[in-house]
Structure formats: structure tokens, C-alpha cells
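Trainee: Given next are the chains, with one letter for each unit.
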Amino acid sequence: MPAHVTPPARMPKNVYYFGTCLVDLFFPDAGLAGMELLKRQGIRVVFPQGQSCCGQPAFNSGHRSEAREVARAQLDAFPEDWPIVVPSGSCAGMMRVHYPDLFKGDRDEERAKAFAGRVYELSWFLVHVLGLDTKLVDKGEKVTVTWHGSCHSMREMGVVDEPKRLIRALSNVTLVENPREKECCGFGGTFAVRQPEVSAAMVADKIAAIGQTGASRVVSGDCGCLMNIGGALDKAGKPTRPQHLAEFLLERCHDQ
Amino acid sequence: MTSDFSTRAHDALNNPQLRANFRRAMDGLMTKRAAQFEDKDNWHALRARGAAIKARALARLPDLLEEFEQKAIANGINVHWAETTADANRIVLEILTAHGAKKVIKGKSMVSEEMHLNAHLEAHGIKAVESDLGEYIIQLAGEAPSHIVMPCIHKNKGEIAQLFTDNIENQPYTEDVDALTAAARQVLRREFASADAGLSGANFLVAETGSLVLIENEGNGRLSTTLPPLHIAVAGIEKLVEKLDDVAPLLALLPRSATGQAITTYVNMISSPRKAGEKDGPRQVHLVLLDNGRSRVYADEQLRDTLRCIRCGACMNHCPVYSRVGGHTYGSVYPGPIGKILTPQLAGLDCAGDLPHASTLCNACVEVCPVQIPIADILVRLRTEAAEPSTSPAVKGAGSGHSAVESAVWKGWQAMYAHPAAYKVGTKALSVVGNLIPAAAPLLKQWTSVRSKPKFAAKTLHELAREKGYDHE
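Just so you know, the sequences run in chain order A and B.
Just so you know, my numbering puts 220 at position 220 of the first sequence, and the rest follows in order with no gaps.
Just so you know, my numbering puts 325 at position 325 of the second sequence, and the rest follows in order with no gaps.
Think of the hints as simulated: they come from the structure by calculation, not from any bench.
Careful, some of the hints might be misleading.
Claimed, not checked - Here are the simulated lysine to any residue pairs, SDA-like style, with alpha carbons at most 20 angstroms apart:
id, chain 1, residue 1, chain 2, residue 2
1, A, K182, B, A35
2, A, K113, A, P2
3, B, K40, A, E36
4, A, K235, B, A439
5, B, K424, A, D29
6, A, K182, B, K453
7, A, K235, B, N435
8, B, K468, A, E36
9, B, K32, A, P179
10, B, K453, A, E197
11, A, K139, A, R168
12, A, K104, B, K40
Remember, predicted model here, so these are calculated numbers, not experimental data.
If we strip away everything but chain A, and leave its shape as in the complex, we get:
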């Protein structure tokens, strides 16, 4: 069952931003775009320099104690009672859904539960807390895009329609939905290297389905999927460009 997420009781003045390790190394522009979107809504965005990774890679590989110690470093890095906004449904799901279990019986159990309750996926926060879907003004050229929903954002964080509401709010953007949008792209963290052939078959089907939409861009809220799908599109010489939702929205609506 997806997490039951409700907005903070009051409109927050400050939010923490958890960039994620993948964004940090490979997609920093996407991460920064999310921060800019929040900042332009008049919120003070705090990026703790002590942050690193949610711990999911080790957790999903069965190495709980290593995952817990890395997760504990995140508990330390985000001490104030502010919302923690994450430009990834997968990392957000790890922190909101799995931290309470990861710290069960640990000295930091209560701290982990409180932390988990403060975690929000970026597009959900933009829609349900900031109402950005009613405020966006599209300044871009006409473009056709398709959306890829990440498994964990949909099935752990319950984020399904929010990103599409944001995209549909853009007047010059046509959203063509992929009938296989909700099917996993085959990334799965270590799955991609443990079962490379199955993963390859899955991403091949994914890019074929994306190709059939005729979209020039595939927009997603998770950089893991984008690295997989984008890498496969590029290797196959397909023209469709991968882009993170935050970067797409910022590019359309603001002069950089």
C-alpha cells in the first residue's frame, strides 16, 4: 500500500532539500532545478551539505546494517522539523516507507519515524502544498512529451497524477500518454547488473513504447529511470530526449 501522505499543518517557511546521490553525481542540474522551483515560490530552501544517500542501494541488496549507518547520517544532516523535499519517488519511498522498519529496535527509532513523516516527493509537494499546477505560465515553444512514472513514486509514495497535472498545466505542451507507462523500465538498482539480460529486454520494450508516442521528450521524476531509459535511447540512436520533471518545468516557465 502506498504511504498515506498529508500536507504539513501550516505552509512551511523553510524546506530541506534532499538531492539524492544519483542526482548529486550525474544529474545536478535536475536537482538544482527542483530547488529553484521551490525558491521561486517564496520558500527558503536549505541544502544540508552533510547529506549523501538514502541508503536504498544497500538496503535492497540485503545489507541492512550498512544501509542503517548511511541512513543515520541523513537523520543527523536534517535536524530541524522542516519538510524534506526529494526530487525522486524512489529515494523518498525509501525514507518515508522503509526508515521506520530499518530503525526498528534501534536507538534512533523515534527519530527515524519523525524523519520519515517529513519526507515528500517533489511533484507531490509542488501540487498539494504549493498549488503550482494552478500557477504555471508556459513560455516555451510547442512540444510533445510523454511521461514515465517510476514504480516507487507510484506504488510507495502514491504519486500518480501529480506530475501529469503539472505537465498539463503548460499551455504549449502536449502530453501523449504511454499505454505501458506504469510498467517498470527494468532499472531496479543492482537488478540491472545482476540480471542484465532481463533488464535489457525490459528497457528495450520501454523505449519502443516511448517511441510509439511520437514524443520528442520523455519526462520523469526519477533519475534512476532516466539514467536507464535515457542511456538506452542514446545507445539505440533514438531522438527522444530524457528530462527530469523539475528541469522541464523550470525551462518552460522561467527565464534562467
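Guided by the hints, dock chain B onto chain A, whose structure is given.
Mentor: Relative to chain A, chain B alone:
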């Protein structure tokens, strides 16, 4: 079968006919199921009820098994307990031998597959004939089921037509489904009439009434359990439900989740052998209750949820891995997501430790499971059990997946990612030299087989945030 998922996946992925068969079949099943649960509120309420019924039954399982046994015996049903599949096979063989049975007609039963019963009987001169159409087809082909509900889903019309022509006397080649079904029906009617015993599984066992509930679509289950003079049922101990009232909600979930049918054509309630004055029905009914590792699964609070399964197969129908590689790739009786959590627990992580890793943890199975089994959480739990040696293991073969190299890698990862100073130095180093790592390097090689190499950005988000003047506290 041994568990080597990757090798078999390779073969399956390179079989375009097999892939097309599965893709088409799974797409159809997903569409049909979705049409049954269009009302989301109803679906959520119903599955919560289904999960609660099974959880309640499991919470009282030892008591319910006793209650069931007493009621069943009072009804005239013989109840047998089998700790292992070898015990179950021995019991079934003894009953058949005592009756001088030479031929058994079988309704569909996954527990009998778990026992490899047909081979056991055959070795002792008893012929077992599968009467479910799908099971009949794969028996002709000498294959195992590739799906727990639709055992021959991996075959298309043409393959079945050829199989019938090769195996059924005077059967011309035809791809006409009605003609093929009629041909099988003709053969099977003769087998029903001449069988010495019928064998079936059971979908639910009702403690309150001592009844077996068996659902099916072809009437073969009813014939197998009523026509021959002897009926033997085999079932796992997790099939218990507390009350007769518990059956209806589960029936509202099972066929809809499995095949997208509102209800199966037949719902059989078997509560006794033929009674005095009755004109039909078996003269003896036996039930063999199989443990085969289930007690161990039961003993662990989290893993116990595995036993809620009602074997609808929705998890495999919706699994992006299963729909690519098919059921035989799993190398076990139960394929797909439920197989990935059940098989390693029954057979041991030392035998099937690669199965919990054959998943992207996409949660598609969790989303459709009618009894809310947290399959993804259990997959991660089993990965953890395999990776970390334990003195009191919850699962057979715990620690068998331990690798010194892998453990060292994760320790190194922790050293960098749990310490901000180390992380800063490490990410800086990667952003400078990361792109020099060749595409053929270990791990990257698998990645770049179908994808471009990921590019490390010149500056990390940490650096950009500082440059753009974002506060850090």
C-alpha cells in the same frame, strides 16, 4: 530442478515465440482483471477483508487444523499429515495400493506438482492422468506448468495442435480451439470412466464444517472428485479458513484476480464421502495435509504473510520479469513473484538464493495481490537473510549468499556515504576521474551492453548549491 535463473532467462529471452506468447497472454489477463475491479473503493475494501480473513486464520492455524481434523473425521473424511513431500507421496501411494488402483484421474493441483506425485506414482506402476485441459496439454508435452493457474500459457494454438496430432490417435492437425477441446474431451471422458481413483487439490479448507472447497472451470474437478470410487485430496496446511462465511469474500477475489472471471464455472464443496442411500460420490475421501517447510515459514512473523497466498497468480500476470521470461525460467514449481518468496523458503536459500534477486522491486505484484502479501518487503528480507550469516536463521540456507567481496564493497560504500567529509572527497574524485572508467569495467560492462555510459557531471549538486548561495542549515 536447480535454480539458475540467469541461464534459463537467457534462453527464454532468445525465444521470440515464447516471449510473444507470454506477452500477449499477460496483457489479456491484466485487462480482464482490471475490468473486474473498476470500482477502486470496492477493491480496496474487498482485499482488506481477504487479507484479514487469511491473517486471522493464520493467527489461529494450529487450533484451526485440529478443529478441521475433528470435523472432517466426523464427516467421514480420512485426514493424513505429511511433514515432507516424500511422506505425502508415500501416504498417497499406500491408499492407492490398498485399493488396488492402477489409474488415477487428476484435477489440477499445485501441491501434487510440489510433490512430483505423477513421477512417484508412475515409478510404482500407477498411471496418473491430468484432466485439466492445460495440465493435460503439458503432460502430453512432458513439461511442468509455467503458470500456477494456466499451466500451458506458454504454448500457442499451433504448438498445441501439433502436440495433439502427434499424441492422439487419428487426430488431424487443426488450430480450431473448439475442435482441439473436443478432442481432449473425448480422450478424457474415457479416462474418467475407467479411473480407479480421483486426485485433487483444495483451494480452501473450512475448519468450522470440515469441508474442502475446490474451484475450477472445466467440470474436471467435479468429475475427478465424484466419479471414481476413491477421492484423495492433497493440500498445504495454509489453506485453512476459520468459517464458512470466510469463503465467499475469498471467492469474490480469487477468480477475478486470476482470470478476470466474476466466478468460476464450478465451485465444489466437499464435506463427506457418499452417504448411505446416495447414488453417487466416492466411497472414500482422504485428505493429505502437507507441511513441506510451511511450519518454518509460519514461525517468523514477517515471513508468515507468505502463507496468506490463495494462488490466484495475479502477481505473475502483472510481473514485468515473469512476462519477459515465462514460468519455466524460475526452475521451481511456483514461478513469478510468489515463487520468488515461497521457493527459497521451502527449498532453502542455498538452493534458490538467486530468486529473490530476480526482481526490480517494482511492486506491481504488491499492488494487485488480493490478500495484500508484502511481496517486495519479503524479497528484501530474503536477500538480507541470504547475505548475512545468522546463528538462529529464520530461513533454511541463511547466509548462503554471503560474499566477502560484496560485503567489503558495502563496507567501503558505508565508509564513504556515512561520513560527510569522506563523501565530499569521494564525490569530488568521481566527478574528476569517474568518466575515465572504461565502459568494459566490471558492472559497467553489463550496463553499457544496451545503454550509454552514465556521465559524471563536472560539479556535484553539493557544489552547485554552495555556488548558488543556498543555505545549508
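Trainee: Under the criterion that the straight-line Cα-Cα distance not exceed 20 angstroms, is the pair K235 (chain A), N435 (chain B) satisfied?
Mentor: At roughly 17 angstroms apart (the allowed maximum being 20 angstroms), N435 (chain B) and K235 (chain A) satisfy the hint.
Trainee: Do the alpha carbons of K235 (chain A) and A439 (chain B) lie within 20 angstroms of each other, as the hint requires?
Mentor: It holds: about 13 angstroms lies between the C-alpha atoms, which stays within 20 angstroms.
Trainee: Would the pair K182 (chain A) and A35 (chain B) pass a check requiring their Cα atoms to be no farther apart than 20 angstroms?
Mentor: Judged against 20 angstroms, a Cα distance of about 17 angstroms means the pair holds.
Trainee: Holds or violated: K453 (chain B) with E197 (chain A), Cα cutoff 20 angstroms?
Mentor: Holds. K453 (chain B) to E197 (chain A) sits at ~17 angstroms (cutoff 20 angstroms).
Trainee: Can the restraint linking K182 (chain A) and K453 (chain B) be considered satisfied, given a maximum Cα separation of 20 angstroms?
Mentor: Measuring from Cα to Cα gives roughly 25 angstroms; hence the hint is violated.
Trainee: Starting from K139 (chain A), check that the Cα of R168 (chain A) is at most 20 angstroms away, please.
Mentor: holds (14 angstroms)
Trainee: Checking one constraint from the list: CA of K104 (chain A) to CA of K40 (chain B), max 20 angstroms. Satisfied?
Mentor: Violated. K104 (chain A) to K40 (chain B) sits at ~32 angstroms, over the 20 angstroms cutoff.
Trainee: Within 20 angstroms, alpha carbon to alpha carbon, are K424 (chain B) and D29 (chain A)?
Mentor: Judged against 20 angstroms, a Cα distance of about 18 angstroms means the pair holds.
Trainee: Are the Cα atoms of K40 (chain B) and E36 (chain A) separated by 20 angstroms or less?
Mentor: violated (37 angstroms)
Trainee: Mind checking the alpha carbons of K468 (chain B) and E36 (chain A) for me, to see if they're no more than 20 angstroms apart?
Mentor: Holds. K468 (chain B) to E36 (chain A) sits at ~10 angstroms (cutoff 20 angstroms).
Trainee: Quickly compare the C-alpha distance for K32 (chain B) and P179 (chain A) to 20 angstroms and report which way the hint goes.
Mentor: holds (16 angstroms)
Trainee: Mind checking the alpha carbons of K113 (chain A) and P2 (chain A) for me, to see if they're no more than 20 angstroms apart?
Mentor: holds (16 angstroms)
Going through the hint list in order, the structure does not satisfy hints 3, 6 and 12.
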